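Novice: Place chain L on chain Y using the hints.
Top to bottom, those sequences are chains Y and L.
Residue numbering for the first sequence is 1 to 224, as defined by our numbering.
Residue numbering for the second sequence is 1 to 224, as defined by our numbering.
I should point out that these hints are in silico values taken from the structure, not numbers from a laboratory.
Predicted model only: the values in this text are computed from it and were never measured.
Hints may contain errors.
Since the list gives no way to pick out one identical chain from another, each pair is judged satisfied if it fits inside one copy or across any two copies.
Once the Cα atoms are required to be at most 30 angstroms apart in a straight line, the calculated DSSO-like pairs of lysine-lysine come out as [said to hold, decoys possible]: (1) Lys157 <-> Lys45; (2) Lys76 <-> Lys124; (3) Lys182 <-> Lys76; (4) Lys55 <-> Lys127.
Number of protein chains: 2
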Amino acid sequence: MRPQTSIIFDLDGTLTDSVYQNVAAWKEALDSENIPLAMWRIHRKIGMSGGLMLKTLSRETGLTISPEQAKKLSDKHAQAYEALQGQIIALPGAVELLNTLTEEGVQWCIATSGGVDTASINLKALKLNAKDINLITRDDVKYGKPDPDLFLAAAQKMDVAIEECLVIGDAVWDMLAARRCKATGIGLLSGGYDRGELERAGALRVYEDPLSLLHHLDEVASRP
Amino acid sequence: MRPQTSIIFDLDGTLTDSVYQNVAAWKEALDSENIPLAMWRIHRKIGMSGGLMLKTLSRETGLTISPEQAKKLSDKHAQAYEALQGQIIALPGAVELLNTLTEEGVQWCIATSGGVDTASINLKALKLNAKDINLITRDDVKYGKPDPDLFLAAAQKMDVAIEECLVIGDAVWDMLAARRCKATGIGLLSGGYDRGELERAGALRVYEDPLSLLHHLDEVASRP
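In isolation and in its complexed conformation, chain Y is listed as follows:
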C-alpha cells in the first residue's frame, strides 16, 4: 500500500496573515493590565495555547499572573483581536491550496490553538464556514500546542493515522507538536519566524507561504 498523505493546517500565520495583529492584540491586553512585555517576546509565543503562553511569559518575566488575571487578559485579547479583524486577509495561495486539495481528494483539517471565536475571524478571511470543514479548536482538546492533542484530534476527525499526516505551520510550536505525535512538520515563513527556528524545531522542509507550498507540494505529499 502506498502511503496516503492527509494534511493538518495551523490557521493563524499559516493560512491567514494575522500573526502581527495577534501580537498587537496581546500587547494591548498586557498593557491594560500593566504587564510590560516587549513585542518580540510576545511574537515568539504566538501559536501556543493562550494559557500556556501566559504561564511561560510569567515564568520568563518573574511576574505572577493569577487565574483571574489570565481570564481577563484572554478576554481583552479576544476583544482587541476582534477590533483588528478588518485587517486580516488570506495569505497568498491559501484559498487555492485548500481548493486544490479538495479537488484532488486529499483530506485536510484545520487545527488551531485559538478558540472558536478567534478561529471564526480567520475562517471568514478564507471564506470558509466552521461547520463545512474539518476543524479542531482549543475548545475540543485538553491542551493546546506544543502539546500534540490538537493534531491527534485532527487525525482522528479525518480517520487517518497521524503518522501519515503533514502538519503545516508557521510557528516553532506547530513543529514541536508535530514531532511529539510523529506527524511530519512543514514550516512556512509567513508568520514571521526564520527558516532556522522552524528547522531547529523539527521542520522537514520550509516554504515561504501557502502559495509556495502549493508549488512544491509534490516534494512532501503523496500523489493522490
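Specialist: Chain L in isolation, oriented as in the chain Y frame:
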C-alpha cells in the same frame, strides 16, 4: 595602544520597542495604495532605507512603484507611525545602557535609517533630545542601510576609526552594513529576527535586548 571601543546603535528595535509599529505603519501605507503585501515580508525589510525597501519590495512582488507613489507611501508611513507613537517605549535596559556608557566615558552614536521625524518619536521614548547626542539619520547620508554610509558618518562624528566600532542592531541590514565597513556587528533579538538570521549576516554575538547586552558588554567591548 589598547583598542578603545566606540559604539554605534541602530534605533528602531535596538533601543526602542518599535519594529512592530513600523511594520503596521508600512502595511497601512501599502494597503492605502492597494499594494498587497504580507506582514512578514514587510518585517524582513524594516531597518533598510525606506527607498531601498520599496525598490526591493517592488522587485519581489513584480509591482511597479513610481517615484511619486514611493513619496506618497513614505509620507503615509510617517503619518501612520506618528499615530502609533503612544505605543512606543524604550526596550528593557536601553536607558541604563546608554547612561552606563556615558558615565564610563565610552563614546556612542545613534545611526538610523529613518528620517529626523521618525527618529524623534523613538528618541522621545528614550527621553533623549536629538541635539544633545551624537545622531546620524537618513537625511545626513546618500544611502541608508545596508549601505555602510550611516555607520561611516557615525564614526566620523565621534572622530574614531570605524574598525574600532561595535554596531549594535536588531536587523540583518545592520549586520550587513557593519561588515561592509569593517565594523563589528552585534545583534539583538528585540526586533523580532532570529539569532540565526543575524549570525548568517555577520553578527559576532547576539543578545536578547539592551539589558542583556549591558550584562555581557565586557565580552565584546574594551574596558575603559
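Novice: Are there hints from earlier that the structure breaks, and if so, what are their numbers?
Specialist: As far as the earlier hints go, 3, 4 are violated by this structure, in ascending order.
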